[in-house]
Amino acid sequence: MWTYCTGVSITSGKRMDHAQRDKLSELVEELTTSGEPQLNPNKLKEVKKICKVSNDYIEHFYHLTMTQLAQEHAEIRLSAFQMVSELFTRSHHFRVLLVDNFQEFLDLTVETDSDEPLPPPKEVARKLKTVAIKTVQEWQTTYGEAYKKLALGYHFLKQVKKVDFHDVQARTLAERKREEERQKRLERIYKDKVEKATKEMEDASEEIEECLTEINNCMKLLLPAEFDLSDLDTSTPANNSTASVSSVPNEKASTSSDLDEQPCCSKDLELQREPKNPETSTATKTNEEKEEEDPSDEDSDMEDVLDEDAFIRNTGLISHKYSLDLNLSTDLKLKETEENEAVVNTMKDLHKLLSTKHLPVVQYWVQVFTKAGVPEPLLRRAIDFKSSLERALQKHEDLHIDYKARHRRVMKAPEGSDDDDDDFEEVPEKEGFEPHIPDHLREEYGLEPSTSVASKKPVQPQVKCPATGASHTLSRPRKRATDEEQDPTCAAATLRLFKQRLLPQPPSTSSAAGGHVDPTYQASDPSEERDKAPVIPFGLDLYYWGEEQPTAGKIIKNSSQHQFWVPNEVEEEVENKELAAQMKSRYITFAGRFQPVKHRCKTPMPNGALCERQDRVKCPFHGPIIPRDELGKPTNPEDSVRLEKEEWKRREDQPDWRDPELMRDIELATGEDLGSSKTFGKGKKGKGKDKKKKYPNLSDLKKGVNTSRSRLGKKVFNPSSMRRVTDVMNKMDKLKHAKFANQFNYALN
Amino acid sequence: MLGFLTARQAGLDDPLRLRRAESTRRVLNLELNHDRDVDRIHSNGINTIDIEVIEGRYMLSGGADGVIVVYDLENNSRKPQYTCKAVCTVGRSSPYVHRFSVETVQWYPHDTGMFVSSSFDKTMKVWDTETLKPAEVFQFEGNVYCHHMSPIARKHSLIAVGTKDQKVQLCDLKSGSRIQVLQGHRGEVLSVRWSPRYEHILATASTDSRVLVWDVRRASGSLFSLDQHNGDKSKASSEAVNTAHNGRVNGLCFTVDGLYLLTTGTDDRMRLWNSANGKNTLVNYGKVSNESRKGLKITVSRSCSPEFVFVPCGSSVAVYTLHTGELVTMLRGHYNNVDCCQFHPDYQELYSGGKDCNILAWVPVVRPPDVEEEGTAAKGGSQATVNPAFEDAWSSDED
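Here the protein sequences come in this chain order: A and B.
Once you know that position 402 of the first sequence is 402 in full-length UniProt numbering, the rest is easy, because the numbers rise by one and skip nothing.
Once you know that position 30 of the second sequence is 30 in full-length UniProt numbering, the rest is easy, because the numbers rise by one and skip nothing.
Everything labelled a hint here was simulated from the structure, so no lab data went into it.
A portion of the hints provided could be inaccurate.
[As the list claims (entries may be wrong)] Computed beta-carbon distance windows for the label pairs: (1) R185/A <-> S289/B: 32 to 42 angstroms; (2) R40/B <-> D192/A: 35 to 45 angstroms; (3) K23/A <-> E55/B: 51 to 61 angstroms; (4) E36/A <-> P80/B: 43 to 53 angstroms; (5) Q183/A <-> R40/B: 29 to 39 angstroms; (6) Q183/A <-> D35/B: 43 to 53 angstroms; (7) E291/B <-> E36/A: 31 to 41 angstroms; (8) S289/B <-> F717/A: 27 to 37 angstroms; (9) R182/A <-> E31/B: 40 to 50 angstroms; (10) E31/B <-> G373/A: 28 to 38 angstroms; (11) S114/A <-> S289/B: 15 to 25 angstroms; (12) P80/B <-> G373/A: 56 to 66 angstroms.
[To be verified] Below 25 angstroms or equal to it, Euclidean Cα-Cα: the simulated DSS-like pairs (lysine-lysine) are: (13) K85/B <-> K148/A; (14) K355/B <-> K177/A; (15) K357/A <-> K191/A; (16) K355/B <-> K162/A; (17) K355/B <-> K158/A; (18) K148/A <-> K79/B; (19) K355/B <-> K148/A; (20) K158/A <-> K85/B.
[Said to hold, decoys possible] Only part of the chain B face toward chain A is listed, based on derived beta-carbon distances under 10 angstroms: (21) R36; (22) D37; (23) R40; (24) S43; (25) N44; (26) S315; (27) S316; (28) G325; (29) T329; (30) R332; (31) G333; (32) H334; (33) Y335; (34) N336; (35) D356; (36) C357.
Note that the Cβ used here is the ideal one computed from N, Cα and C, for glycine as well.
All chains, full assembly: derive it from the sequences and hints.
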């Protein structure tokens, strides 16, 4: 640039005012480095004013702008381009100059040369390109005829670079082509995928459908026919098994007498429905279904109607405006039993198959189809599959099937063998607690004949009978039951215990029936403590807990190490204290609890603030943390004395002439940099800040470089670390050479 | 000019002198002329152009799209504005069109009724200009980079063909067969040229950095190979063979009198050789940027007093004086690499074709009327009346 300027001044020095020219350069630089999307109109006007004076200024301006256009910064280029376009419409001379070098101009603004892309920042570069293309088109329409090269350039852009001047994106053909190719490739991939998926669907659809039908049938088998699965979601069906009456206590009390007289089996219902009167209770009980599913709403409605008369008659309560809240759980609970075992098993398998195999596949199909945009029927079919699968799975969820823990079963002996008068009856092998006990064995276990909890059988007829006899004494089986319950070895006792624990408010009858100290209470106490106790890993010390060990920590030591040659049988026993201790003791590390640091360093800093660091013991900048007041002065006098001493010592370390204040004075006087800011200013001012940015308005190109990669790169590739690495590698190399020096193979290289 | 005219009138000067002076002046004033256009037919880069020497009227061009176009250069409209029309075209719709890029086209030196084109589709076709059908098609094993017919040959009608193969082939138009093979190169032959002085002398340039000069009557081998160091073994770096360049040699051109041979190579150098003995004249042209992987068509001016060389150089055409190596000017007008240029000897015009699909005509600037009294101001005024686009348009608020 400068060489050119001198050239200009030589050729046209007499016609060009030096001051004006300098001002023009200054203005151009200011305008181009402003970094703003629009030029400052006042400055631009001034530029135009200068340029208007003579062609020499225009020439000078042309060269200035061309150098600015060549800068590797899109903002500078954009501003320069705007100035160029301003002058282009004004001056013929400028047009001649610019058109003469139009190739370069296009290179710098429209990016005609793919090897020289526009410089960052990207958005500005894109804007520059679009603006430039638009402007070139405008120029072409106004000046295209007059300036041949302009027309040529326009045609070049249009026909060779295939710039679509109407396209706002102003993409060149190559870019468009690339985009197209990418699209095509994607399409091809999708097509392949779709084809594959369609084929898969063809193959698998039958299987899936089969699965679906099967699982649906299973469900139908498990649930009664009238129980429509689709109603599940509407939460209408009542479930009497879980219905608990949360009515006012007095009502409960009034009915409790009835309950007392109820047969034992009804009490054994896991979750008891509190009947309002015996009649209704029987009515309900008859309605009870296999799976303890319960009658729907209608039933309960009917009940209510029935209630009205019976209620008064039976309870003697005149008002029947008691509010009765029924918590009707919508959940179905299905338990696996022997009868439905096969069905449930199949269903389980099917469920697994559907959820792990079919559903993901179908989801994948849907995904592929939606992405690739296939004809609708295909997609619809896939979606249908998906929804039906999901529905089936949902149904399955709703059933809440309680799968039995799988256990091995021994096949029962054939019927004939039963007749043998064997003392021992063959029983199914049991592992621990048996959730289900066959009816014929119940008595043996001390259980009531029927537990409706587990079985899905209709309630035994004897359930009904006690309803008539209100003041029925304990029947024989009942008596026996209570007896057995007393016996802790009997299963009945355990069951009872469970029941009691399960029911938080045991009915008052239970205590009457039991008549013994509630064992649950005693049991619960240690268990609570157990919860609190810490869990420690098992070790040797626990293994020998409470035992005295004669051999603890003793090691038999052979005095001779020889393999064959054994001296006299001298076995020396050495006692190892450490080992012995290990046998008997246990280390428990006490980590303590983390306590956050509350104090601050509070050392006064050069900027007037106090150090905010919260180190526990020592601040990395200001040494050990000592108590300080709000101004940052040490509260302990000895601390302040020590600090002062340290300060003195540091001062003394620095030679006199490096006293920063003195140096600053000298610097001011001489105007030379002695490095005063370096010596002491380290903590005060960042070094980088001193260096003024040349053009603060331009966006910083280097800022974008601050990525994790670049930061890592800075660390990894800095010279010292590189040197370190090479040193280590050289050393390793050398080691290898030293080790294998006597092998010719390594000695050579 | 007036001096030359009076001297000519008085018979003091050789008639050649005036002619030379004027043509030199014209060549020095070559400029992209606003009035002269060449039809844009090619949809891809232009690889080669050739102007016939009989009338100087028709120009052939071959493009990278395989299309061959014949232009009429003569302006009969009596207006300064003229667009060179395409007379006929072997377009993509033609059944005889070259399938791939046409690398070289050349008029038959003695008649415009025939021309020869060679292409990357491994063929060379001899065309009948009237019917635009190939009269003869030569098939080769590799891409054909170049071919050349001797402009002065009377005793033979051979076409030298440089292909991807190392051998230079000689095709005889009389028999329509390949009659001879010149062996010697070790790389692709990028350029071949017959001497305009001796009809049996042929120069060939190849990617093996060598330029060989042949006498086609001699069967045993080349006459000599050009050596850039003139046999100075100390400079030649341990190579046994003589090299003309330190890269591919892709441009070859005899001067009009055939005494000198110009070569360009991808080492960005241009060299001038004495064609009689193969000595390097050591003219320094400076750096002549050259990145072409194919042949480059350079040309020299005719009947100027210092002769000029026109070399495609990036996106411009460089003009050098032949014997001093001085860069006269750069003709900048193309927007992409220039591949070929051709000098029109009668009108001192230059036509150049480049990858930007343009054929540009560089026409000498007409001497401005030497009318003293009107001065420059009037000139500016008259220009302004001619074209309003040349006017300055300073708005009034900028004072």
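- Item | Those earlier numbered hints the structure runs against, lowest number first | Hints 10, 28, 29 are the ones this structure does not satisfy, whereas the remaining hints hold.
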